[in-house]
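Each chain, letter by letter, is given below.
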Amino acid sequence: MSAAPLLSIENLTGGYGEIVIVTDMSLAVAAGEALCVTGRNGVGKSTLVRLVTGALKPASGKVIFEGEDLTFAPAHGRARQGMGYAPQEGVVFDTLSVAENLTLHHSDRSLERYRELFAMFPRLPDRLGQRAGTLSGGEKKILSFCRALAEDTRLVILDEPTEGVQPENIALMAEAINSAKAVGRGFLIVEQNLSLVEAVADHAALMDHGECIYTHSGTVNLRAELSRRLKI
Amino acid sequence: MDLVVTYGLNFAYSTATLGLIVLGLAVVFGLLGVMNMAHGEFVMLGAYSALTVQQAGLPFLLAIPLALIVCGALGWLMEWSVIRHLYRRPFDTFLATWGIAILMRKGVEVTFGREYQSVDQSLPGTVSLLGIDYPAYRLVLMAVIVVMFAALFVWYQRSNTGARIKAMVQNPDLAAAVGINTARLSRATFVTGVAIAGLAGVLLAPLVRVEPYMGLDYLLSSFFILVVGGLGTIEGLITGSSIIGGADVIISAIFDKTAGYLGVLAISILFLWLRPDGIFSRR
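First to last, the protein sequences are chains P and V. All letters in the first sequence, in the order written, are residues 1 to 232 by the numbering used here. All letters in the second sequence, in the order written, are residues 1001 to 1283 by the numbering used here.
This list has only true hints and no planted wrong ones.
Taking CB as the label site, the calculated pair distances span: (1) Gly17/P x Arg1084/V: 14 to 22 Å; (2) Ser60/P x Leu1272/V: 43 to 51 Å; (3) Trp1273/V x Asp94/P: 26 to 34 Å; (4) Trp1080/V x Ser60/P: 27 to 35 Å; (5) Tyr16/P x Thr1258/V: 49 to 57 Å; (6) Arg131/P x Pro1124/V: 43 to 51 Å.
Covered by chain V, per the in silico footprint, the following chain P stretches (three or more residues, Cβ under 8 Å): (7) 49-60; (8) 64-76; (9) 89-95.
Calculated from the structure, these hints are not laboratory results. A virtual CB, placed ideally from N, CA and C, is assigned to each residue, including glycine.
Make a model of the complete structure from these sequences and hints.
As structure tokens, then:
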């Protein structure tokens, strides 16, 4: 890895109570780079993300962010320290408006920080007053993606950001991610859409049965190697 | 005509005071899902704050900060020591707060005695309104309650904190993920709810008998209102208060107080049976 790690996941093991889902995972994300974690459904990708973001407490291992051990830090503390997150499910606050979803965590409630993203996804500013719960699944994902990306965080964690999103918008998502990488932001992306992985990944990890079974650096042969191992 | 005005004002008074009583429980139960069986005891503590201020020879209005401090501090301690471990476990909160309610009643009984006591009216006399003489304190109380509800409604709908509370109630994991300290916000919401109950106790103290068991009636009325109106909306709270308060006033006027209680109970049972989410519901 070319740059110093922004996020280090060291021998992370955990799951739901006594049930261990993720076993001994070690990964790193550098500033300005994207690590994509992929794998079939139910292999523990989202559990890994929930362990990293603090929604679940790990049984063992460490989560180091910018040199600080955040393994047992509360979820809201990680967000404030610079870890943005767009989850796979429950991606928006359904009863709040689109504008409230985008601004409730900012004291100035300004939408100015979304100017560039609004230009990319123009349906979003058209629906600011609408309840987020009435958006389509893809639109909710875009709203969640924009919220996570517009926060001034050094690391952005995206869990299946393209689920239900139209292909042309997936290409725009990749463009936005690459622009953010260019200014030094790191990405941990759990994704099954290999088009997005190919478009943004600097490194990739393949999970199976809660373990990392393959890692790949660079984009050469990335799609072919992942496809072969995923048996697509 | 005078009779209609009197009943109309009584209905408005009953609705307003019930709304005030239930408001704290609507916050704690409607937003946090905590079945606070000690809600009536916080109303009782507010009433005893008014009594304490009166016994000390101090102005009545000083009872408001006293009740807010006492109920707020006790609510903070209760949330920190018990409630925060029981969020999303309604039956456990039911049992735990029932125990706390018994402790609070017995504590007040030991401190102030079991006997009925009364708080003097700071605004005695009547005001002539629409051709009838109506107690001045009741009119002022109704105005205060209307202003309180309007302010709370605007704050909840428009403020960032209101949006954060709604976000936390709906999706606590996502709220934490965007940086909202849900533990602190839950505690602040709980403390606000019980402090509002204390404030209700102060404002109602001059109109009711003050005794350690007075909270039980308020607890029952509050749950009836939430059953009818539904959880989580101010519209539901006002509608529930109007229906319960109105039914009580009308049935009690036609028959007697016992029939009024029975009527309210029957309405609540019907709602639980036919419309368990109430008239307005967040769901």
